[in-house]
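Chains as they are written, first to last, in our numbering: chain A, 4 to 439; chain B, 4 to 439; chain C, 4 to 439; chain D, 4 to 439.
Rather than coming from a laboratory, the hints here were simulated on the basis of the structure.
It is possible that some hints are incorrect.
Unchecked claim - Calculated cross-link-like contacts (lysine to any residue; reagent style SDA-like; alpha-carbon spacing at most 25 Å):
| no. | chain 1 | residue 1 | chain 2 | residue 2 |
| --- | --- | --- | --- | --- |
| 1 | B | K409 | C | A245 |
| 2 | B | K249 | C | A403 |
| 3 | B | K283 | C | T218 |
| 4 | D | K283 | A | E143 |
| 5 | B | K370 | C | A403 |
| 6 | C | K283 | B | F296 |
| 7 | C | K91 | C | I72 |
Protein chains: 4
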Amino acid sequence: MGKFTIASNSLEQMITWRRDFHRFPEVGWTEFRTASIIAHELDQLGFEVQVGKDVVSEERMGVPSEERIAACYEKAKGNGGYKAYMEKMVGGYTGVVGTINGKRKGPTIAFRFDMDALDILETLESSHFPQEIGFRSENEGVMHACGHDAHSAVGLGLATILANNLDQIEGTIKIIFQPAEEGVRGAKSMVEAGVVDDVDYFLGMHVGTGAPLGTVVAGTDGFLATTKIDATFKGIAAHAGAEPEKGRNALLAAASAILSLHAIPRHSAGTSRINVGTCKAGDGRNIVPAHAFLQLETRGENSEVHSYVHQQAISVLEGAALMYGTELSYKIVGAAKTATSSEKLIEMVAHSAKIANGVEEVIPRSKFAAGSEDATYMMSHVQQQGGLATYAIFGTTLAAGHHHEKFDIDEAVFSIIVDTWLGTIEEIYKEESREI
Amino acid sequence: MGKFTIASNSLEQMITWRRDFHRFPEVGWTEFRTASIIAHELDQLGFEVQVGKDVVSEERMGVPSEERIAACYEKAKGNGGYKAYMEKMVGGYTGVVGTINGKRKGPTIAFRFDMDALDILETLESSHFPQEIGFRSENEGVMHACGHDAHSAVGLGLATILANNLDQIEGTIKIIFQPAEEGVRGAKSMVEAGVVDDVDYFLGMHVGTGAPLGTVVAGTDGFLATTKIDATFKGIAAHAGAEPEKGRNALLAAASAILSLHAIPRHSAGTSRINVGTCKAGDGRNIVPAHAFLQLETRGENSEVHSYVHQQAISVLEGAALMYGTELSYKIVGAAKTATSSEKLIEMVAHSAKIANGVEEVIPRSKFAAGSEDATYMMSHVQQQGGLATYAIFGTTLAAGHHHEKFDIDEAVFSIIVDTWLGTIEEIYKEESREI
Amino acid sequence: MGKFTIASNSLEQMITWRRDFHRFPEVGWTEFRTASIIAHELDQLGFEVQVGKDVVSEERMGVPSEERIAACYEKAKGNGGYKAYMEKMVGGYTGVVGTINGKRKGPTIAFRFDMDALDILETLESSHFPQEIGFRSENEGVMHACGHDAHSAVGLGLATILANNLDQIEGTIKIIFQPAEEGVRGAKSMVEAGVVDDVDYFLGMHVGTGAPLGTVVAGTDGFLATTKIDATFKGIAAHAGAEPEKGRNALLAAASAILSLHAIPRHSAGTSRINVGTCKAGDGRNIVPAHAFLQLETRGENSEVHSYVHQQAISVLEGAALMYGTELSYKIVGAAKTATSSEKLIEMVAHSAKIANGVEEVIPRSKFAAGSEDATYMMSHVQQQGGLATYAIFGTTLAAGHHHEKFDIDEAVFSIIVDTWLGTIEEIYKEESREI
Amino acid sequence: MGKFTIASNSLEQMITWRRDFHRFPEVGWTEFRTASIIAHELDQLGFEVQVGKDVVSEERMGVPSEERIAACYEKAKGNGGYKAYMEKMVGGYTGVVGTINGKRKGPTIAFRFDMDALDILETLESSHFPQEIGFRSENEGVMHACGHDAHSAVGLGLATILANNLDQIEGTIKIIFQPAEEGVRGAKSMVEAGVVDDVDYFLGMHVGTGAPLGTVVAGTDGFLATTKIDATFKGIAAHAGAEPEKGRNALLAAASAILSLHAIPRHSAGTSRINVGTCKAGDGRNIVPAHAFLQLETRGENSEVHSYVHQQAISVLEGAALMYGTELSYKIVGAAKTATSSEKLIEMVAHSAKIANGVEEVIPRSKFAAGSEDATYMMSHVQQQGGLATYAIFGTTLAAGHHHEKFDIDEAVFSIIVDTWLGTIEEIYKEESREI
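Please construct the entire structure, taking both the sequences and the accompanying hints into account.
Printed below as a string of structure tokens:
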């Protein structure tokens with residue numbers, strides 16, 4: 004099919020990459036090995052390659068501790084990371100953008116793939132495919148349990164095919180490899196660094212999310228706007244038996260905040276969510292707790308609702324601190340927007356998907372099941388410039404749900420993705436030529 | 004006994020007064036009838052009489068609404084209040100001080116009696132003595148359920164005897180009739196008006212409090228310092244179904260405050276208490292509550308502890324208001340101090356009580372059972388000036404506990420009180436003459 | 004227009020009734036005067052009239068105290084209530100159903116009107132139309148501030164026209180006058196008494212709700228299912244200073260419940276609401292609160308969501324009681340369902356409204372703005388039997404919002420309602436004849 | 004002085020032991036090395052030695068995980084623990100009792116020393132004496148920061164002197180080495196095993212606690228009764244964005260419990276305390292928390308007060324679990340009683356202390372500063388049998404407060420302790436001979 008020629012070993016190559024990435028998973032802002040390998044490969048293929056602060060702004064959300072970043076850096080060095088690229092990523096600026104220009108004029112099309120893994124201990128059960136085949140995580144306690152290993156591999160596969168079909172390219176194609184999607188941290192910094200400023204067509208994607216193999220969702224809506232907040236109440240410790248009055252109880256402030264955060268009223272303009280997911284407080288049973296740390300998130304169906312919930316949450320945190328004479332500090336460690344896929348681009352993706360090998364059902368538009376995605380920053384930025392953006396779901400058989408220790412995908416989805424994306428490029432070119 | 008001659012109809016007269024006051028009970032700052040009758044009687048007896056703003060400072064705590072004060076004023080007019088005195092008490096300045104000077108030099112001795120009743124509906128049961136005899140409250144819903152009717156009557160009885168024994172008086176005797184003891188509101192304003200500035204010996208008292216008839220406690224300690232706080236959270240109403248986000252929920256602020264107030268830590272330096280006694284909030288089931296009103300109190304065994312609890316309480320109220328975007332307003336509507344009875348004066352009272360008719364047991368010093376008393380403002384003021392102060396308990400048989408709808412006392416205690424107080428005056432004179 | 008002849012004094016008559024009902028407003032389950040006048044009029048017109056337990060089941064929600072019912076009964080007697088009917092309503096069974104049978108066969112059509120007023124003090128401002136004209140509420144503190152006076156009047160107006168056009172009636176027409184719609188209390192009992200068991204077409208309605216005069220909404224959706232709950236925590240009183248440990252604090256239980264009720268999680272299957280609208284607790288500042296009374300409500304967009312919120316709320320109440328050693332008792336004092344208007348009947352109403360005099364815009368279907376309505380019990384019962392049901396909104400100019408002390412309507416809406424309902428009857432007859 | 008001869012190297016030997024124990028600190032129920040060395044030394048000295056389940060009952064509070072116990076066991080084996088004794092302590096039955104019988108008849112006197120260390124990382128600062136001299140903890144993260152290393156060393160020193168003065172002993176002397184005093188866990192099990200059943204005189208002690216070197220407190224009162232509770236709420240996890248209603252929020256249950264626990268009312272019969280010292284809940288920001296773990300403690304000045312607070316706490320935990328549909332499990336992991344030192348024994352200790360070398364001040368009786376102590380189980384058991392018990396404080400200069408990473412004592416206190424205890428034995432013998 005189509006104008007792009009796909010080498011026969013293409014699928015095999017993607018599988019190799021995916022399993023390699025799976026073996027050496029790296030959490031957000033520490034993807035030194037993954038990102039440097041991607042940069043190296045893109046360079047080999049003839050892409051113009053940008054990494055580090057060229058594609059990630061100084062201000063980033065949810066950056067791990069310096070110690071952890073440094074340790075991951077060392078580990079990456081020992082596991083085959085490319086030092087030349089890694090040096091440009093010191094401190095965790097682990098984004099990569101590969102750009103290729105066709106000989107003819109044309110639009111700028113961007114594909115976005117995310118690269119980060121999760122703090123999950125991968126199962127040791129022999130029936131778990133990565134364990135059976137031998138590509139289970141070697142970074143104990145870190146796991147690709149969301150499919151970003153597949154995303155990265157497909158990104159490289161797509162790059163390879165494009166490089167081999169340079170004559171077919173009109174205008175510019177950018178392949179964006181984003182760090183730190185988990186916790187919705189990385190996209191905002193890449194947008195701020197300008198990586199989608201020139202993009203006319205933006206294509207984001209995810210594998211799985213409950214859709215069966217053979218199903219393609221051409222456009223996704225219903226992303227919830229969200230902020231991820233780390234809040235710390237700092238009080239004063241005191242012996243709880245001898246001098247309770249000398250303490251300022253950070254845990255009481257936190258408990259009050261937790262209840263009142265969950266009690267923030269619903270909003271008539273749409274769905275909202277709030278969750279205090281973790282709490283860690285106190286140093287000992289008989290000490291008035293001097294610190295309490297909360298990880299929470301707010302969500303809203305639209306910016307009005309989300310901004311309401313977010314502001315209420317901050318008020319609650321501040322009031323709770325005051326109630327107990329404690330000090331509040333908080334940080335926004337992640338954020339994503341709402342976004343709506345562009346109808347015209349959905350049609351192009353759907354058209355392309357329908358004729359892709361292995362596709363059984365194409366759903367034009369559906370709601371995003373998993374809550375929030377920071378590709379929305381890129382989508383809305385492109386749309387605000389007048390460009391089109393969509394976010395596709397490529398169904399695949401899952402061994403267990405996302406973020407589960409037994410998560411695994413069916414790699415057969417790779418060729419469906421590549422076919423759909425190549426077909427979409429063709430559709431865009433057709434559309435552009437019509438317009439002229 | 005003694006140097007003071009007591010007329011034979013003295014007890015009878017006190018009983019008559021007590022039952023009259025019982026029939027027309029008046030709550031704090033509305034004792035127009037009671038106070039004006041007392042003023043009239045004192046004047047008839049030859050006392051120098053001060054009322055109104057001469058004995059009550061402008062700033063008062065816990066004053067009822069203007070409407071209620073006005074209505075009580077009208078009622079008092081209809082029930083035999085003396086208009087000439089009432090006019091000086093307009094607005095609720097219902098204190099009275101009677102002063103009598105002996106021909107010889109001597110100390111200034113003050114007795115303090117309180118006059119106010121409670122918002123309690125007196126029982127209609129025929130076995131209730133006031134009902135049986137016919138002096139049950141005619142001010143429906145207001146009742147002398149703490150014995151202040153007896154206090155006022157005894158104060159007048161004492162005044163009568165003193166007036167009839169003018170030759171025996173050395174120096175000055177002041178009889179202080181205080182409004183608004185319930186809720187510990189009135190004493191502070193009388194102190195601020197200067198009524199105890201010249202007092203050398205201060206004698207406060209209460210009937211009942213659990214002690215049996217025939218028992219006299221010569222001195223009381225363990226008064227808890229307290230403040231009474233009225234707090235209002237003001238939010239914004241909204242239809243709870245249609246637009247919950249438009250509301251600012253005053254009841255949630257109150258609920259948060261209530262829990263956190265009770266969670267104020269104990270203090271290692273002594274006993275503390277906190278109680279939110281009442282809450283009234285909201286206008287309807289389907290409206291986000293726009294207001295919540297709390298009546299609370301803090302207490303502490305000493306000023307360090309009490310000041311700690313009080314300040315924490317204010318912080319909690321302020322923080323809770325902030326949490327929910329509501330406005331807090333609060334008023335201190337009552338206050339009392341800690342106080343310790345003076346050893347030397349206890350001894351004199353005890354000596355006098357031991358030889359009083361009908362006394363079976365004299366306890367020199369005990370702890371105050373009922374919590375707080377604002378006579379403490381007078382006691383500590385006198386002590387700070389170098390004077391002596393004590394607070395005595397005169398046991399009597401109670402039909403039911405204080406503040407109960409069936410509360411009643413045995414009037415046989417009246418002669419014990421009068422004997423003890425007259426004897427104490429004699430003891431003081433002896434002591435003074437020894438000193439010279 | 005149409006087959007029904009409308010007498011020239013018809014509008015005038017409805018206005019007279021409306022103002023009369025407005026002058027003597029009666030809250031839910033106490034509509035003795037209103038209901039007995041309606042019954043009397045229906046009887047005069049030749050309707051078969053049912054009242055009392057024939058149309059209201061024994062089990063009712065949210066019934067006022069016996070004292071209040073008795074007092075309202077006496078008041079109604081003095082204000083022109085018809086004793087013969089009132090006697091059948093003793094205890095507050097204040098429903099009325101009038102039935103008229105045509106000579107020809109045909110369907111059973113039911114119209115439902117509600118009769119109850121609210122506990123609101125009507126404004127005395129002279130600019131308030133009812134005050135100006137002289138039909139302001141004579142039942143001080145009770146007010147028709149939602150338009151049910153208009154509903155009742157229109158119901159009688161419709162009955163009059165139908166009685167005068169008996170020849171035009173095919174089958175049966177029932178006019179249901181429901182008590183206690185406020186707080187969604189009355190409809191369930193009328194359904195349980197069987198009043199809509201035989202109904203083929205059900206037509207409910209409301210005036211106002213924000214729609215302008217001239218606008219008719221032919222069908223309404225989005226009613227939230229709801230339950231209204233009265234919850235009481237019973238604790239043990241104790242002196243808060245002297246023996247706090249003897250108390251069981253009902254207010255702390257309530258405060259805990261209030262926070263946790265509002266913190267019940269959102270549901271992914273739809274909109275939910277919860278509101279604790281009022282709280283009243285405690286007897287005095289220095290007493291551990293022995294009782295706390297909450298009025299709350301839960302709502303849900305569908306029965307799954309609502310049942311979830313309702314059950315969570317009960318768990319929270321029970322747990323909070325246990326936490327503080329208090330006893331919980333609660334009552335369901337109101338309930339309504341979700342409901343969707345039937346498309347086919349919407350079309351008939353819309354068709355009829357379009358040609359009614361004074362109608363400028365017809366909106367086929369919209370969402371219910373005010374939250375919940377217990378006509379939904381009747382609607383879903385009729386639909387479950389295979390019948391059709393709709394709920395129309397007749398816009399009118401409002402002097403102030405519903406439940407406001409200055410609420411007033413433009414009576415010009417009366418003729419629009421009558422025209423639309425008569426036209427709808429014709430449409431139904433056309434439809435029925437088509438079907439045969 | 005005295006009848007007991009003290010070898011010249013005695014102090015040196017105690018210092019050696021203390022520093023050795025300090026180098027290899029072991030937390031409660033894992034004192035394999037410490038206890039087995041003590042057992043070995045006692046055996047060498049000729050004491051009858053009991054260890055393991057002979058002196059510790061099966062039922063124990065606050066036992067660490069099997070993994071930790073096993074790991075500590077292995078570590079102890081590698082660090083010079085005596086295998087023969089350790090084998091009798093498998094599972095953490097790490098108590099030791101040494102008994103020596105004099106040739107003459109006499110009373111049974113028991114001394115109690117505790118052996119356990121704390122989970123504290125000892126400072127690395129060079130100015131810290133143990134670091135400077137080279138006996139800083141080699142069990143990283145575990146530290147003798149409360150002085151139990153000194154207690155154990157003094158116990159052995161006392162045993163050595165007694166063994167060398169066998170002729171002076173009348174009756175029986177028992178030296179009890181208790182595990183797991185921190186968290187008040189070990190004493191109850193030793194009492195249940197019967198180790199103080201035959202004791203006539205019981206002598207407990209602590210170094211430091213704020214008293215200066217040279218000060219001896221002969222008897223201690225004011226121990227607060229306490230229970231230490233570990234509580235776990237188990238809920239159900241769910242994606243907080245996608246399906247919040249599927250979750251059962253254990254953190255909300257915990258937050259509710261935390262507030263309400265601190266809000267447990269004061270008790271009029273005495274001082275009470277409650278503290279939730281730590282909280283750990285949840286697995287991730289976007290997951291409804293499925294578990295929450297609290298470490299809390301209750302305290303009371305007497306058994307009435309403590310039992311009240313404890314029972315209220317359990318009710319609060321149970322109610323909070325119910326509120327959120329979560330499951331509560333809790334364990335009592337520590338407990339201590341109130342106790343009062345026996346006057347007669349205080350006099351003997353005071354007499355002895357006054358003539359001890361280096362003692363500058365003897366305080367007969369004072370309040371225990373640090374809250375709770377489980378030696379109280381032994382004290383009250385002995386007193387209930389008719390014996391006498393006291394608890395002495397031996398002041399010493401502290402480098403930093405108890406439980407601080409820089410805690411250190413002045414070993415000069417050792418000779419004061421030994422002198423005082425030997426003198427006390429003599430006083431007891433004098434007293435006993437007087438009695439006969």
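Worksheet item: Straight-line Cα separation of K283 (chain D) and E143 (chain A) no greater than 25 Å?
Response: Answer holds: K283 (chain D) to E143 (chain A) is near 23 Å, not above 25 Å.
Worksheet item: If you draw a straight line from the CA of K249 (chain B) to the CA of A403 (chain C), is it 25 Å or shorter?
Response: Holds - the C-alpha atoms of A403 (chain C) and K249 (chain B) are around 19 Å apart, at most 25 Å.
Discussion item. So if I understand the rule, the pair passes when the alpha-carbon distance is 25 Å or less; does K409 (chain B) with A245 (chain C) pass?
Written reply: Within the cut-off at roughly 21 Å; holds.
Practice prompt. Take the C-alpha atoms of K370 (chain B) and A403 (chain C), compute the straight-line distance between them, and say whether it is at most 25 Å.
Written response: Outside the cut-off at roughly 61 Å; violated.
Worksheet item: Taking only the CA atoms, is the gap from K91 (chain C) to I72 (chain C) under or equal to 25 Å?
Response: 14 Å, holds
Worksheet item: Holds or violated: are the alpha carbons of K283 (chain B) and T218 (chain C) at most 25 Å from each other?
Response: 41 Å, violated
Worksheet item: Taken at face value, is the distance from the CA of F296 (chain B) to the CA of K283 (chain C) at most 25 Å?
Response: 10 Å, holds
Hint check: violations occur at hints 3 and 5; the rest are consistent with the structure.
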